Structures are given as structure tokens and as C-alpha cells.
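**Student:** Sequence:
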Amino acid sequence: MTNRNQVRKEAVDLTVDTNLERQPKQQKLRNAEYYDMQDVMDKLYEESCKGKSFHNLMHLITSENNILLAFRNIKNNKGSMTKGTDGKTITQYKGWSEEQFVKYFQSKFANYHPKSVRRTEIPKVGQPDKMRPLGIPCMDDRIIQQCIIQVLEPICEARFHAHSYGFRPNRSASHAIARAQSLMNVSKLHYVVDVDIKGFFDNVNHGKLLKQMWTVGIRDKSLICIIGKILKSEIEGIGRPDKGTPQGGIISPLLSNIVLNELDWWLSDQWETKSTRYPYTHSHKYEALKKSNLKEFFFVRYADDFKILCRDYKTAKKIFIAVKEWLWERLGLEISPEKSKITNVRKKKTDFLGFALYVTKKSKKYVSKSNISEKAKKAMKTKLKEQIKVIQHDTSPHQVSQLNAMILGMHNYYNTATGCSRDFREINFVVSKSLKHRLRVKTKKAKRNKNSKSPLPEKVLKSRTYQKFYGSYGGKPKVVAGVQIFPIYGCKFVTPRMFTREVNKYTPQGRQLIHKNLSTVHSLIQYLLETKEYGKSVEYNDNRISLMAGQNGKCAVTGETLCIFDMECHHKKPKKLGGTDEYRNLVWLKSNVHKLIHATEEDTIAKYLDILKLDDKALKKVNSLRLSAENLEIVVKAN
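1 is the number of the first residue of the sequence shown in UniProt numbering; add one for each residue after it.
Don't take each hint at face value.
27 Å max Cα-Cα, derived DSS-like pairs, lysine-lysine [stated by the list, open to error]:
no. : residue 1 : residue 2
1   : Lys-314   : Lys-364
2   : Lys-381   : Lys-349
3   : Lys-377   : Lys-433
These aren't lab readings, by the way, just hints derived from the structure by calculation.
Predicted model, so just to flag it, every value in this text is computed and none were measured.
All chains, full assembly: derive it from the sequences and hints.
**Tutor:** Dropping the structure here:
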């Protein structure tokens, strides 16, 4: 057995780390490569790009590698500990052997009957009085859906339109906003058609969806039969649905994109990808089209939320009517008349994904601007104030870190709004009052001199995490339970970047760009803010976050980027030898490096040396850490 296979045998032991809540993009790529599925996915994508139809996908979906990959991807998701109607979570499979796990799910596929879906409701963003229904499948069904989506996604990605951004790999709301603003800025399209599909996820026609899958090239009848059963899964307390894809299922976003992909290409073929008899270049083609009677417009879609941008009101009105009729005739979907409208962004703002977009006149031209929408601001104020209430009753470092995670997450999402600084100052003004009154006693204050009315300048040492993200702000941080609260007003504008089509997880060149451009330190710190190692000291939990920022998310020995599943915080001098939790006694390492430092058996040391392939500099660092832990140095014999 090769060393790689030895490592794989150890890694696929179905033991669950319940602290893992999210998975960086790099990890998903590495998982696929690790289980030898990346080449399969690349081939599916390449063949789908050429228009091939796929009639025998079940052997790929039920393969050993695909099932093990599904487990590894799903166990690191936040929802892996959410119970279905059978009350089971991912921990059900703890202790199962690899062979037992694979055979169990292969038998489930052979005669598949999904269990009932647990129905729950969550408040809509910005509308706490209205609820959004979610359908949560049982864990067995989630793993089965993950097996299916891993094979279907590369096929569908090759057929999806470039300007669809929702629930797709490496695309985000920021890319959709950047596209919309570019059309306003560069193309000068200032009439926006808002089309809101009434209850989209609840009204998808099952028969039409299965036909669309056939059109996309998914023509394995056994697979289509299984997806049909998933769509018809009984909803607890309601019964079997005759339409809709329940929000909450792993496969639902992909199925929803398949439904609306037909709309994408119909819109695109009216102008953007309109074929012409003469083979024009890209720029000359649009010049020629403008001389015709065709209507000029472009669209941006994120899930069921999409904008159509036009040059004049007359065109916008015609497109609005055409889309309304097309949705009803082709997909059987209605639009919401209250939320669907035409907006001139020179006069009014249009809301899109929590942003309010508009243009203002600058010199002799119009420039696109954006703010956080009023609905989103209201939702953020409510969310932050609710967390402050939680801290009032449970003043622990964990709860304060949760507040920090919320603030950091909001800044990361909305920092592409040109008016984000002013908007967050407004939010800070409201939330600070709640923070002041509810946590007055628990907030650290400056000491006063008994003989003076003015406070003494008490120096509050800002953690490295605080310094990394908010060090440029001169304000004195509020400290609760020993944790510094991030400034709500501390958000600076970042120019949104357009999506680069070369970034693609299903091509070798595209994956290189993902690994090169994607920084994980932000997500690692946010993960550590949201999680806590229970049983450890407050000092340890705070210092490990500061240390992650200090090491810039990289292993102290190898210099490689850390991942949530593959990182451990090491005490240089072990606590059993008198070591402490102070900052200088901690270091973040990759898991295999950590094992090498503590290894004492020659065979174990040799195994990890072979896996890591350390150079002299890295080996010197390992030996230094081994000596601190009172282990012998590793001597590598020259060949």
C-alpha cells in the first residue's frame, strides 16, 4: 500500500469533529482531488461543454470514491448537526467502517425511498413578521443528494449562463452587484426591470423540471426517477407536494438553477448572444444589432432575484410584458405585481441582494452608486440588538465572539456598497445605545483618579485580530468578558470585482486561479470567532484567534495555508510540563506536522516525514518544537 493510500485509510475513518461548521473553497477542491474524483468531474465538464448527453451516470454516483467524498463534504457543513424527522445527525455514522458506509448507501440507491422532510420556518430578512418555509431532509437523504450533486454540477455548470451568479461555485452576490453596476456605469443602462417571481421555490413544476434536466443532457432514466422521488418527498404535517423544490435540501439550489437556465438563455438570445448571419467581432456585433429593430438589454440573475437593464423606458416596458408572459406560458410561474416594476435609477433606487443601486450625475456623465437597502439595515440592527440581549444574560467570551462574527460578516458582505461607511455609522448609532444600556455594568471602563474628575488614559491593548481588521480606527474598543468588540462603524468601501470566467473548479487552469486568489485567513478567523474549545481557558480561546491573524492563516513550519479540517493549535511547552496558554507559547500547525512533533515511534516518525517531505529549514523548526516538548530531535540520514 502506498503512503498516500495509508493516509487515505486513516482519513476516511468516519469519526466526526462536531466543531467543524464551514468548509473553505480550497477544502472542497482538495477533497475532490483526494478521493480521485476531480478527473471524473473535469471530464464530465469537458464533455458537457461539447454538448454530449449522459445516459449512464448512476455508476459514477454510486462509486466508492463519490460516496466517501459526499461524506467528507457534508460532515464539515454547518447543517450536519441539524436533525431530520428521524432525529439523526452526521454522528450516526461515527465508528462505521469505510466498507460498511459505502455498501449501506449503495443499497439505498438500489431501491431508493426518501424519508419525510422536516418542515420548519425562519423569519424573512427584513420582514420578521413573515416566515420562510424550509424543508430539512433526513441525514441519509442529504448524503444521497450530495452524491448526486457532485456528479450533476460539472455537467450543469457547462450549460449555465455566464451571468447567473446564485448558488454556483466561486460566484457570489458581490459578482452580481459588480455586473449590475458595470452595466449602469459603462453601458449607461439606467432603466431597470424588477421581476419578482411569486413563491418561486414553492411553485416549480416537477414535470417541466425533469424535462429541462433531459434538455441539459442528464438522460439517465434511473437518476431522473430518483430525483422525481426526491421532489415528491413527503413533508411532515403537510403530505406529498405536487410542485415546488423545498428550500433546505442540498440539491434544491441546483434544480432551481436548471429551471431558470431556460429563462437565462431566452433573455440572452434576444440581444447579448443573438446569432447573426455575418461573423462580427464582439464589439462590432452590438453596433450592427443597434441598427436593427431588436431591443437592447442585458440581465443579471442571482437565484430567483434578477434584474433586466435597458436603455429606455419603452424597451423596459416591452421586456417586462414579454418576461411576464414567457414565465407563465413556459414555466407556469406568476410574478408578484406589488414587487415587480420598472425603475429609472437616475431618479430612484432599486434594491438588489440587500443593496440599493442608483446613479448620480458627475460632471457630464452618470456614475453608479450604492447603499445598504433600508430593509437590510433594519434586519442588521435587529440581529445585533438580539445578540446583545443574549450577552446581557450570558456574558461569556463565546457569546461576545458571536457578536464579533456577526459584525465581521456584515462588513465583509456590504463593504462593496459605495456608501457603506455612512450606513454602518447609522447602524452603530442605534445599536450602540442598546450596547451601552444593556451592558453598562459589564463593559470595561477607564479608571478614575480619586482627586480628579477626568478619567485617566487607560491603555487597552488591542488583540492582533482587532489590529488586523480595525487597527486603522483610533477609537477605544469596548471590552466585554475579556473580548474586544469590533467597531460596528468600522467598514471601508472595497471596489466590487467582476467575475472572471477563467476561474473554474472543473479545469486545471481555473483551479490554479482559485488557489492563488482566494485568501482563507478571513474565513478561518471568522470560524474561530464562532466556535470555542470548551474546557479551555478564556486566554487560550482569545490567543488562538490572535495567533491565526499573526500567522496570516499559515502553518508555522511548512508555510502552507491552513484549512479548518487540517489545523491544530500547539502548546510549544506542553501544559503537563508547566506550559501556559499565553500567546508566545502557542503556534498553529497543520495536523500532520503536529503529529510529527509528538511522535515517538520510529515507524510513525518515518511515515509523517514521508508524507510531509520537509526541507532542512522546516525540519529544523520541527526539531525546535520537539525539544520544547521534551522529545528527541529527528536525525535524517543522508542518502
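**Student:** All the hints need checking, so say for each whether the structure fits it.
**Tutor:** Each hint tested on the structure:
1. Lys-314 with Lys-364: holds (24 Å)
2. Lys-381 with Lys-349: Within the cut-off at roughly 21 Å; holds.
3. Lys-377 with Lys-433: holds (16 Å)
Comparing the model with each numbered hint stated earlier shows that all of them hold.
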